[in-house]
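Protein chains in written order, with the UniProt record's numbering: chain A, 1 to 267; chain B, 1 to 267; chain C, 1 to 267; chain D, 1 to 267.
These aren't lab readings, by the way, just hints derived from the structure by calculation. Since we're looking at a predicted model, the values are computed, not measured. Glycine residues also receive a C-beta, built at the ideal position from the N, C-alpha and C atoms. Any given hint could turn out to be false.
Straight-line C-alpha distance at most 20 Å; calculated PhoX-like pairs for lysine-lysine [what the hints assert, rightly or not]:
1. D:Lys47 with C:Lys95
2. D:Lys65 with D:Lys47
3. A:Lys230 with A:Lys65
4. B:Lys65 with B:Lys47
5. B:Lys2 with B:Lys230
6. A:Lys47 with A:Lys65
7. D:Lys230 with D:Lys2
8. D:Lys95 with C:Lys47
9. B:Lys230 with A:Lys47
10. C:Lys230 with C:Lys47
11. B:Lys47 with A:Lys95
12. C:Lys65 with C:Lys47
If you want the ones that stay clear, here's a sample from chain B, every Cβ over 10 Å from chain A, calculated [unchecked claim]:
13. Lys2
14. Leu20
15. Arg39
4 protein chains.
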Amino acid sequence: MKLSITVELQFHAAQPVDCLLQCEVAAMPEQRILSGVTRLPASIAIKRVPAQDSVGERFWITAEKDVAITYEAQVEIARSATDSARLGSLSEIHKTELPGEATQYLFDSRFCAAESFQSFVASEFAETRGGARIAAIREWIADHFSYTPGVSGPHTSARDSFVERRGVCRDYAHVMVALARASGIPARYASGYAPDVEPPDFHAVAEVFLADPQGSGGDWVPVDATGMAKPDELAIIGVGRDAADVSFLTSFGAVSFSGHNVRVERA
Amino acid sequence: MKLSITVELQFHAAQPVDCLLQCEVAAMPEQRILSGVTRLPASIAIKRVPAQDSVGERFWITAEKDVAITYEAQVEIARSATDSARLGSLSEIHKTELPGEATQYLFDSRFCAAESFQSFVASEFAETRGGARIAAIREWIADHFSYTPGVSGPHTSARDSFVERRGVCRDYAHVMVALARASGIPARYASGYAPDVEPPDFHAVAEVFLADPQGSGGDWVPVDATGMAKPDELAIIGVGRDAADVSFLTSFGAVSFSGHNVRVERA
Amino acid sequence: MKLSITVELQFHAAQPVDCLLQCEVAAMPEQRILSGVTRLPASIAIKRVPAQDSVGERFWITAEKDVAITYEAQVEIARSATDSARLGSLSEIHKTELPGEATQYLFDSRFCAAESFQSFVASEFAETRGGARIAAIREWIADHFSYTPGVSGPHTSARDSFVERRGVCRDYAHVMVALARASGIPARYASGYAPDVEPPDFHAVAEVFLADPQGSGGDWVPVDATGMAKPDELAIIGVGRDAADVSFLTSFGAVSFSGHNVRVERA
Amino acid sequence: MKLSITVELQFHAAQPVDCLLQCEVAAMPEQRILSGVTRLPASIAIKRVPAQDSVGERFWITAEKDVAITYEAQVEIARSATDSARLGSLSEIHKTELPGEATQYLFDSRFCAAESFQSFVASEFAETRGGARIAAIREWIADHFSYTPGVSGPHTSARDSFVERRGVCRDYAHVMVALARASGIPARYASGYAPDVEPPDFHAVAEVFLADPQGSGGDWVPVDATGMAKPDELAIIGVGRDAADVSFLTSFGAVSFSGHNVRVERA
């Protein structure tokens, strides 16, 4: 599947403010960047750094006055369209066999205080393990939550959303991540682009670490509790413990944001 | 400085429970392990994994019934006794020059929601930058907090402690980390051992990433806002974003903890 | 039903500290105080004040050094043993007909942030209203929570308990109150004594304001989601918006608490 | 001082929703209502109830479709312009002498978890008591906070604001209330109108219960930490434990709010 992506960001900094941006699709075997260009005012220097787990890049700028950033890309997604059936067939990696780098994704993070959900998952999903557990959690969220823009915000946590039973992709992904970790399955948060997100915006899904049925080790498998993005139509930007790690804009000082515009089309 | 360390942990699991432990001193140039041994019941297998940022190791066990773990080590600390004067002379690395692996330590984490402190640090510590800022924060915490065991717990965050103005080393380190990050300086949490901790227990300090005056890059510098541990008397176990990452025992299921015993002596 | 109640409280204040106590059974038609006496050191003066909604009394003391307080009472409970069937038959008072003094019990309080549960109750209990809604909530809590001493504390809120799915009577009552208010039914928190609380301690239940089938107005009906106390075996001490209002001891300064002892027997 | 007040509220309910409104100036000796009228669509019935502590009234409506409410009033404020000097001369009522109805204003409430600030106030304001303590707190807030619309919201608590050091009148009042209660002085939250609020909106102040120098008992004294409203230019709507109790609109179901407009002029 080919995707055509256009993003426009506009913001203003009264004084010079260091900003970290993460909005470019990550280059990786499952998603090939056919073309990609980020445009900024000529006066602004870009400094790139590898992003978390070496998935994609972030870039620093020092913003001043009006800043308009445009990112345009054509991406070929080669990820297979994992269906519910396949997810259910993946098995859990026993925790004592997990590679060291997956361990941090078992821990509580800023928006995903997973430990407090241990009793809930043990009782609600007692019958299932591994991929079947993840499929059951995904279905439970889809059944019990309503997709409602405008009721959650940048401080909303998985615990908040679990109480309120509504939110957007960010909130669905946080609950998915928290319930997976509470089940002893490493889970991380992935930001990205997908064509049917409504209203159009950045998208977010969970990724869980499960045994690769083909190979020996484990693999990160995307899971979208909102059901809005199919794996073969998802272009991942970056990953982290939760939304705190993959914000498209983190500013270290006051900026006023005049909005952003995201367009994703099947090309 | 040579330290002699003995730790005893006892807990009980009614059913088999996977547990991740992190209590051994990390091998690194600044701290040489002269001898170190971890003893467990013979029936329990250990699976080691590298810990965060490759500082030290964690190990997995599957606990069942009564579990008693003993760790004994002799460690030679070669870290120089950084004094306030030296800390004040270290300079900030401009954020756009930070290496990628330091970036995550600027973000909000489970117990250190740093962003919400940006206004406070900008006004309270306006005159200082870099190492001088860190020294000023350390002094401010020492002046405004009282070391009080028993009033905080495993869910206490930097925000809680900032309001309550008291706590233990964990809380002091969390506030230090949060105020450093809010100042745009990468900061992580380090667990360890030190001889004068009172009452004797695991210890915790912050580490901040500042420019190395000798070399080119940057370096992690330990900062103890409690004032209980000198750098040359601190044996670090591991590091993470905050206490959620370096718990000495993380259990994935119910265990009842019958206590722990920590002894650290100058040898 | 006659109950015999004995309570012993011991605490220590290094310096004089004003303390507000609330541990005596409230005199009211449904519970007649046959005998009741509170004993304190002779040097300590008592100043009584009516408690919230004129249910019972609180008393002030200025504590200094070691303070031991004993309360002994014989109480005759005349409250009828409301069974589930009766609760289900009580009807909701339309909000616009509520008396002014019930209004505050619709609002969010310290431990019962009810508004955030509106989506959950609307979907989970959609079929029911009034007393039937309350009976359904009580059953849902009983089914989904495990009574577990030691996992919750004085800062645990209804939202926390809703995530963690376990706790003690205080937590059960908070969740009951929050879900009732989210349903538009005024609900308050009542502390009291009951004979089968295990381990023996102060008890707590919710009270909801529903239409009195006999009379015109409304009435406060006790609801115990733990199932430990029958209405005719419950001696109420006081009421409030949540546990913050009916603590048995509120101290305005540091006291060290050496424990309390509660005995309740059918007489 | 005469004030002329006009308020317009517009909102929409797709289905009938019970709403509680509180926007009319309270009649009381210190503020005489010269004229006051509330206009609603003719199809909507109003049911009035006395508000908390019998200060003013709330009214219920069942909203459906588009609802526009207008309130117009002329008010004569007879409250004396308490200056800092006078506040400093008021003395504390010893807690054991407080009337019962003031007691609840010592407790933690939804947005004012006062107890956690006890260490802070004891150390920061150690030198002062009673009215002088309140004056010192007011000054401290004015010095350490910046009035910044748009950064706080309906879930922001006194603890949040204390960390973030900025907000609007609601947040200033919450911090004032929390620090007063932590000092053992009863404090409540008052909503109202004042002419110089910028941008124009509902206003909020704290009220503290201190000894009346003329009389025997105590009295509620308004304290505005924002400094925007003088006591003789403040028309109080209602009081409560915090903002949760005096919202101008509490809806028990989904309404979409299209904005409100507040005009207050010296007449």
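Hints and how they fare:
no., hint, verdict
1, D:Lys47 with C:Lys95, "10 Å, holds"
2, D:Lys65 with D:Lys47, "19 Å, holds"
3, A:Lys230 with A:Lys65, "39 Å, violated"
4, B:Lys65 with B:Lys47, "19 Å, holds"
5, B:Lys2 with B:Lys230, "13 Å, holds"
6, A:Lys47 with A:Lys65, "19 Å, holds"
7, D:Lys230 with D:Lys2, "13 Å, holds"
8, D:Lys95 with C:Lys47, "10 Å, holds"
9, B:Lys230 with A:Lys47, "37 Å, violated"
10, C:Lys230 with C:Lys47, "33 Å, violated"
11, B:Lys47 with A:Lys95, "10 Å, holds"
12, C:Lys65 with C:Lys47, "19 Å, holds"
13, Lys2, "29 Å, holds"
14, Leu20, "7 Å, violated"
15, Arg39, "19 Å, holds"
The structure is inconsistent with the numbered hints 3, 9, 10, 14, although it conforms to all the rest.
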